[in-house]
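Asker: One-letter residues, chain by chain:
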Amino acid sequence: MFKYVFSILLFIIVLQPTLISADDHEDLISGVINAISIDENGNVEGILLMMNNGDFMNIDIKSGDNPTEFGLENIAGDRWVGNQNDNGKEVASKLEDHQKRFAPITVLHEKGVAKEIVDMEKRNVSSNLNFLFACFAVAWIAFFGYLVIINGRIKKSSQNG
Amino acid sequence: MVRQVYLIATGIVFTVSIWMIFLWAPTEINQGQVQRILYLHVPFAWASMVAIIAIAFTSFLFLYTKNDRWDNLSQSLAEVGLVSAVVMLFSGIVWAKPVWGVWWTGEAKLTTALVLFFIYCAYLLFRNYFPPGNARNRIAAIIALIGAIDSPIIYYAAQIWEQNHPKVIVGPLASEESNLNGEMVITLLFCVLTVTLLFVGLVWTQYQTNKLLRSKNV
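So the protein lines, in turn, are chains A and B.
For the first sequence, the tail end lands on 161 under the working numbering, and the numbers increase by one without skipping.
For the second sequence, the tail end lands on 218 under the working numbering, and the numbers increase by one without skipping.
Just so you know, these hints were derived from the structure itself, not from any lab.
Idealized CB from N, CA, C, for every residue including glycine.
Check each hint, because a few of them may be wrong.
[What the hints assert, rightly or not] Per label pair, the in silico range of CB-to-CB distance: (1) B/E183 <-> A/K156: 43 to 49 Å; (2) A/S37 <-> B/I160: 45 to 51 Å; (3) A/S37 <-> B/I12: 45 to 51 Å; (4) A/I154 <-> B/N30: 42 to 48 Å; (5) B/L63 <-> A/D27: 55 to 61 Å; (6) A/F133 <-> B/Q159: 21 to 27 Å.
Please model the complete structure; the sequences and the hints are all you need to start from.
Answerer: Here it is, written out as structure tokens:
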């Protein structure tokens with residue numbers, strides 16, 4: 001029985017590399033704003049972001065359906081949350097403020113189209129992987145450890161039978 | 001046959017949920033990768049909270065009918081519930097450190113969850129160390145009935161005492177301000193389904209094992 005289950009699991013795991021691309025649809029980047037493109041109505045069309053490694057990237061800002069969401073703080077630490085549908089000029093003003101202050105931002109984007117723009121996370125979020133690993137490792141050790149305990153009980157009852 | 005189909009279905013669902021957690025669900029912008037602990041923490045919290053309610057229900061049926069199979073089911077649920085509570089607590093502690101900066105706070109949600117763990121411990125310790133018999137089973141059933149009061153308190157704790165722990169994101173009290181996007185919610189619900197299937201499978205196996213052990217007085 002377990003041979004079949006194991007074979008199915010192995011088959012799915014072997015297929016994983018072809019499915020990894022599913023995670024490529026969104027990406028996180030951080031950097032400072034180098035230039036802002038604003039249309040005649042005062043709405044931001046896009047920004048040129050200088051990333052941590054010195055490379056530049058054009059980021060498009062969306063309005064209308066599924067607009068780019070912003071969460072930006074001013075120098076006093078007051079946070080403004082909104083999008084271009086709420087107030088296009090406020091978005092331009094906040095981004096210009098960040099550009100002047102060289103305040104770093106973090107952008108969640110999909111193929112260069114921003115979904116969310118927030119102040120850069122001060123912590124290195126990727127360094128938390130050890131916490132993630134520890135959590136899942138202990139969870140599955142507890143879970144499968146319990147299976148071993150049950151198995152031991154079944155064996156014990158079989159021996160006594 | 002049913003057992004084999006169940007096992008295969010659970011294995012497939014489990015594998016798909018792992019794929020969804022690590023490859024399909026997007027990365028949360030503020031917490032980064034560590035936010036994926038959510039997909040472990042919430043389903044096991046759900047399992048441990050539902051388990052104590054189920055134990056209270058089966059304990060009530062045992063007290064009412066005096067049928068030993070309800071007592072056996074209570075014991076099986078408690079053992080699996082304890083494993084779920086351990087995973088819930090550990091995942092919460094590990095998640096709190098990078099996000100809140102501390103391993104533990106004394107706030108209501110966390111304290112009541114810890115109380116749930118102690119209720120499971122008390123229930124199982126009592127069963128193991130009290131002389132077997134009807135008196136033990138009846139007192140254990142009463143402990144479970146009292147212990148079940150903790151479950152709704154845990155669920156409502158974040159709503160009543162607004163502290164660090166986020167408000168409920170699944171269920172009737174789910175906050176509309178939840179910042180989980182569609183893919184995250186689907187992944188979370190799928191993980192709840194996976195843990196529920198694992199939970200039911202484990203309880204069933206434990207129930208059969210206990211039944212065997214009881215029949216042989218091991």
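Asker: Take the hints in turn and mark each one as holding or not.
Answerer: Structure-based check of each hint:
With their beta carbons about 45 Å apart, B/E183 and A/K156 fall inside the hinted range of 43 to 49 Å. Between A/S37 and B/I160 the Cβ separation comes to about 48 Å, which falls inside the hinted range of 45 to 51 Å. At about 48 Å, the beta-carbon gap between A/S37 and B/I12 stays in the expected band of 45 to 51 Å. Remark: the range hint 42 to 48 Å for A/I154 to B/N30 is upheld by a beta-carbon distance near 46 Å.
Restraint check, B/L63 to A/D27: a C-beta distance of roughly 57 Å satisfies the suggested window 55 to 61 Å. Roughly 32 Å separates the CB atoms of A/F133 and B/Q159, a value that falls outside the hinted 21 to 27 Å.
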